[in-house]
Amino acid sequence: MQTPGKTMALTLSDVTIRLSGRVLLSVSATVMPGDVLTIMGPSGAGKSALLAYIGGFLDPAFVASGAVLLGEDDLIGLPPQQRHTGILFQDPLLFPHLSVGGNIVFAIPEAIRGRDVRRRLAEEALDEVGLGGFFDRDPETLSGGQKARVALQRVLLSQPRLLLLDEPFSKLDMALRQQTRELVFAKARSAGLPTILVTHDRADADAAGGAFIHIGAETQS
Amino acid sequence: MAGWTRRWATAVAVTLGLAGPAAAFDIDDWASVVSEAKGETVYFNAWGGAANINAYIAWTGEQMKARYGVDVVHVKLDDTARAVASVLAEKSAGKDADGSVDLIWINGENFAAMKRQGLLFTPGWATRLPNWAYVDHEAKPTVLTDFTVPTEGLESPWGGAKLVFFYDKARTPTAELPKSAKDLVDWAQTHPGRFSYPQPPDFIGSSFLKQVLIELVADRSKLLKPVNEATFQQDVAPLFAYLDQLTPNLWRKGKAYPQNYPDMKQKLADGELDIIFAFNPAEASAAIANGELQDTVRSFVFPGGTLGNTHFVAIPYNANAKAGALLLADFLISPEAQLRKQNTQFWGDPTVLAMAKLPDADRAAFAALDLGVATLRPDQLGPALDEPHPDWMTRIETEWIRRYGAAN
Amino acid sequence: MKSALHPHIGTGVTVVLCLPVLAGLAGTLLPAFGYLPALGGTQVTFQHFEALAAQPHILRSALISLAAGLTSTFVALVVVATFVAGFAGTRPFAFIQHLLSPLLAVPHAASAFAIAFLIAPSGFLLRIISPVLTGFTRPPDWLIPNDSLGLSMISGLVAKEIPFLLLVMLAALPQLPVANARRLMTALGFNRVSGFAIALWPLLYRQVRLPVFAVLVYSTSVVDVSMILGPQLPPTLPVRIAHWLADDDIGARFLASAGAVLQLALGLLAIAIWIGVERLGRICHRRLSSSGKRLGDDRLLRLAAASVMATSAAFIFIGLGLLALWSIAGLWPFPDRLPTNLTFKTWERALETLAAPLATTIAIALLSSLVALAIAIGLLSRSGHRSADRWLPVFLPLLVPEITFVFGLQILAAMAGLSPSIATVAALHLVFVLPYVLLSLGPPWRALDRRYEQIASGLGKSPLAILVTIRLPMLLRACLTAFAVGFAVSVSLYLPTVLIGAGRVTTITTEAVALSSGGDRRVIGVYALLQALLPFLGFLIASLVPQLLFRHRRAMRI
Chain A
1 MQTPGKTMAL
11 TLSDVTIRLS
21 GRVLLSVSAT
31 VMPGDVLTIM
41 GPSGAGKSAL
51 LAYIGGFLDP
61 AFVASGAVLL
71 GEDDLIGLPP
81 QQRHTGILFQ
91 DPLLFPHLSV
101 GGNIVFAIPE
111 AIRGRDVRRR
121 LAEEALDEVG
131 LGGFFDRDPE
141 TLSGGQKARV
151 ALQRVLLSQP
161 RLLLLDEPFS
171 KLDMALRQQT
181 RELVFAKARS
191 AGLPTILVTH
201 DRADADAAGG
211 AFIHIGAETQ
221 S
Chain B
1001 MAGWTRRWAT
1011 AVAVTLGLAG
1021 PAAAFDIDDW
1031 ASVVSEAKGE
1041 TVYFNAWGGA
1051 ANINAYIAWT
1061 GEQMKARYGV
1071 DVVHVKLDDT
1081 ARAVASVLAE
1091 KSAGKDADGS
1101 VDLIWINGEN
1111 FAAMKRQGLL
1121 FTPGWATRLP
1131 NWAYVDHEAK
1141 PTVLTDFTVP
1151 TEGLESPWGG
1161 AKLVFFYDKA
1171 RTPTAELPKS
1181 AKDLVDWAQT
1191 HPGRFSYPQP
1201 PDFIGSSFLK
1211 QVLIELVADR
1221 SKLLKPVNEA
1231 TFQQDVAPLF
1241 AYLDQLTPNL
1251 WRKGKAYPQN
1261 YPDMKQKLAD
1271 GELDIIFAFN
1281 PAEASAAIAN
1291 GELQDTVRSF
1301 VFPGGTLGNT
1311 HFVAIPYNAN
1321 AKAGALLLAD
1331 FLISPEAQLR
1341 KQNTQFWGDP
1351 TVLAMAKLPD
1361 ADRAAFAALD
1371 LGVATLRPDQ
1381 LGPALDEPHP
1391 DWMTRIETEW
1401 IRRYGAAN
Chain C
2001 MKSALHPHIG
2011 TGVTVVLCLP
2021 VLAGLAGTLL
2031 PAFGYLPALG
2041 GTQVTFQHFE
2051 ALAAQPHILR
2061 SALISLAAGL
2071 TSTFVALVVV
2081 ATFVAGFAGT
2091 RPFAFIQHLL
2101 SPLLAVPHAA
2111 SAFAIAFLIA
2121 PSGFLLRIIS
2131 PVLTGFTRPP
2141 DWLIPNDSLG
2151 LSMISGLVAK
2161 EIPFLLLVML
2171 AALPQLPVAN
2181 ARRLMTALGF
2191 NRVSGFAIAL
2201 WPLLYRQVRL
2211 PVFAVLVYST
2221 SVVDVSMILG
2231 PQLPPTLPVR
2241 IAHWLADDDI
2251 GARFLASAGA
2261 VLQLALGLLA
2271 IAIWIGVERL
2281 GRICHRRLSS
2291 SGKRLGDDRL
2301 LRLAAASVMA
2311 TSAAFIFIGL
2321 GLLALWSIAG
2331 LWPFPDRLPT
2341 NLTFKTWERA
2351 LETLAAPLAT
2361 TIAIALLSSL
2371 VALAIAIGLL
2381 SRSGHRSADR
2391 WLPVFLPLLV
2401 PEITFVFGLQ
2411 ILAAMAGLSP
2421 SIATVAALHL
2431 VFVLPYVLLS
2441 LGPPWRALDR
2451 RYEQIASGLG
2461 KSPLAILVTI
2471 RLPMLLRACL
2481 TAFAVGFAVS
2491 VSLYLPTVLI
2501 GAGRVTTITT
2511 EAVALSSGGD
2521 RRVIGVYALL
2531 QALLPFLGFL
2541 IASLVPQLLF
2551 RHRRAMRI
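Protein chains in written order, with the working numbering: chain A, 1 to 221; chain B, 1001 to 1408; chain C, 2001 to 2558.
Looking at chain A on its own, in the form it has when it is part of the complex:
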């Protein structure tokens, strides 16, 4: 099991995504542990498809090639559950049938055993983001910002090897967006996770402070 201390760089080598024969994007880049690579572009440019390719759930309508290396390992050969790619979408997507705490416990790796241990980990994680005592709450009763924080902690506790952010702040209002953005980047940095951020929003890219790729400008559809 990967521990947060031993993270590795993420390398995209000639990753090309095609839709019905047309090349949507072609990317080569390396993201160091704790760094953020921002990918900007209009909708339909294949940004989300790139994340799906890395995560292992690309729709069969797309054809993709190229290697995604984490350290020396090529992720593409692995089934999705063994890639340990933490993902945050625009919606927090907390599992509605579980409690707030249940969502987090679900994410804790199986190697960590014992009901009490797992619960304590989850409670600590909630505490960390100002949600102490929220363990038994119904996710639906949380505010947008609270949900986003739970979603973040859920990803982090699963001990991911990299982080994929698919416009995760776009649905939050301005004040909350700022806050959440800082929290996410800080966490990613302290966990040493190579991170790819896909966004529309220039401000997101600026806050990320890392490398920057602009795609699909000429093939808007």
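No wet-lab data here; the hints were simulated from the structure.
There's no promise every hint is true.
Okay, the calculated bits of chain B under chain C, using three or more residues with CB under 8 Å as the criterion [said to hold, decoys possible]:
#1 1048-1057
#2 1286-1295
#3 1344-1352
No residue lacks a Cβ here, since even glycine has one placed at the ideal position from N, Cα and C.
Put chains B and C on the given structure of chain A with help from the hints.
Showing chains B and C alone in chain A's frame:
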């Protein structure tokens, strides 16, 4: 292809051990039947459309269980032909033993069809049942010829039937009742929309057609033989001339017909119909007791006679529980079972036994039965007209559908 | 997403499931062309088709079936579509939805009886106003139901098809951008109905097309409803086939088989005509969309659709009440509004013999619908995001009239030496139950946001773990509903149960049909209610369990 199917079916039968052992009992050694039957389950396929009859069959099941350790399962049919079809399907598939039907409630066309196709258990079994001794086969010839087809002991009598008309004396004065089929046409003319018959090929509906045919046909002896194609149209011409005259005055002007007897019964209660008819003389009394008909309903027959017949039980050639079926058939004609069957409280179906042959106590019990307010006594039922050969029924049904099968 | 199951299982299952239909069809086709060795038929011949053609009024029987199927499907579809277009997302919508859902549980025969008890000249409607308003002291001699044009039958079918079509449309709606489209179309100045028709109807119709075909084929080949409400002179084609199948003249087998082939052709013809109507509809739709016409006020149209929906529901509900009253009625002559006296005799008699058939019905329904649910989950988790057409073979039993292949199946079952048992009957029920379970579960399955599973796999969970811990719990309500639908289908199956059960497997429905052949309204009342009660309990459980389980989860209570 034929060979392939047959070979396959045989192979299946052999691997599953369906060929069946030789009978382990002898009908003439009744004790061997009783001991073979013990523990068997008899699937009794019988029309299930009347709650009182179902209850009666359930009672026979209880008796069979208590006395002989035989389980009786009443397979309730919406149409007896369905059981005939099952046996046929099994024969098609080469399933010559271990069949799904053990005993069928049957008569007329269904019997003729099974007999013709060789779907029935060995001839002569019925007359070798111990209780056959009580059966009235002298005065009731329909016990030996089922719709003119000789029964040859292939089926055992269960009950008698006679066409009887019902009316509500609160609505229809007794003096106005028709006394023959001819009368009925006139009556319908003065009471349009108040008479009908179940749509053939319903059994009761077809029976009405036969009643009219017998009354009007030029030479009744022709009806005892299969239809003669050359003269058929000529023979039935009076019947259809009669129906042409009757139809415009029928309920719904003949554009729809009641489905069956219970449907007519409901329509008599509702006041849609004024005269209906059934094959069971006690039916009206039973219906009054059940709150299905007004207590002013009474019975009548045509003085010139109405259709009479007998209904039977038969055993398919491939029955699984033959001994149990024999035992049940015998119990059904025991004085005790027949007495209960004739009791209006339970069913009200006339017995097939001869009073003179019964022990005194049983005879007295039959005499003591209360037949009910609306039931005619045996001496009031009038002469019984014999059923025509089954061929006639099939042909006039087809002819009926051709002529009246599409209303405009 | 990779599947939790081996890729070949799905294909294997679909093949196995369409085998009975194909085999049954063969068992019907061969006798139609004269091949049935047990009856001496060993030569291929067309004489049985000639005999069929010579049957009096056969063309009229066929045409009435065809017309009734097309008309009732069309009317029901238009009513439901207009209602959905006019009301989706409103309060009356939720109300009528709740009113109609239990009707899915009412078997066709029971609702047909319910309607007959209401509209017949001796029925309740006339009793209410007689003799005061009508002067009738005896029922008038009117040809209702069973009218020659089949109008009573068509209205009975419409009343029963409405809840089903509403259910499938409701299931498909969440996949459509209803709110967005409505806002857009309103902003463009369209009224609700025409806005919906232009923006959403093609999308919605594509999703419900298969169930619509199923309804079409079903109503073209229905036996029980047309026996109760349909014309009798001549009866519809399926009723005539049913009579031939049960004819005491055993040679009628060949005729029945030839009739079944005609029925099959009729079903195909109905679909072909329907596809023609679809084409026409598409042209009209294109015209309407490009004309830019803003149709005026749609209030009247919406009101009409809602009234038809409400009336059909009310008819069946009041009719069921009547069935209940008849089941305990003593003498109840016309024009009395209430029975003279009440008696529980019919119920007592029924209850005495009820335990065994009840247990058998439940066992078969549980078995077949649970297995069907498991198979449906397996198939969907393999390729659930793709459209349902993929499993066309599984839907074959919906598109091939039941009567055309069940008889053939009976011969085959006997040949294979299958003895009738709960297991064999349940296995056959599975063939009919699975397509309905798939129809019911498919849309919510596809509607579930797949990102939940992507997140979970990012969290390191295997496909099987995701299925069990995320998807199935989130779809619990949909699974239970699909199960209840399957349960209801199994409970109501008659012909397959009788033919394969060889009379030895008795269910509430086989008892109900056998006893209703007696035509006694009290007995019909008892059994129709019993028949409706079981599926209703299924739906009740399907709605209560998630309510209870997720009482602390607001997003799970929809």
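We went through each hint and held it up to the structure:
With a cut-off of 8 Å between beta carbons, the segment 1048-1057 of chain B has 6 residues touching chain C; three or more are needed, and the interface restraint holds. Counting residues of the segment 1286-1295 of chain B whose C-beta sits closer than 8 Å to any C-beta of chain C gives 5, which meets the bar of three, so the coverage hint holds. Counting residues of the segment 1344-1352 of chain B whose CB lies closer than 8 Å to any CB of chain C gives 0, which falls below the minimum of 3, so the coverage claim is violated.
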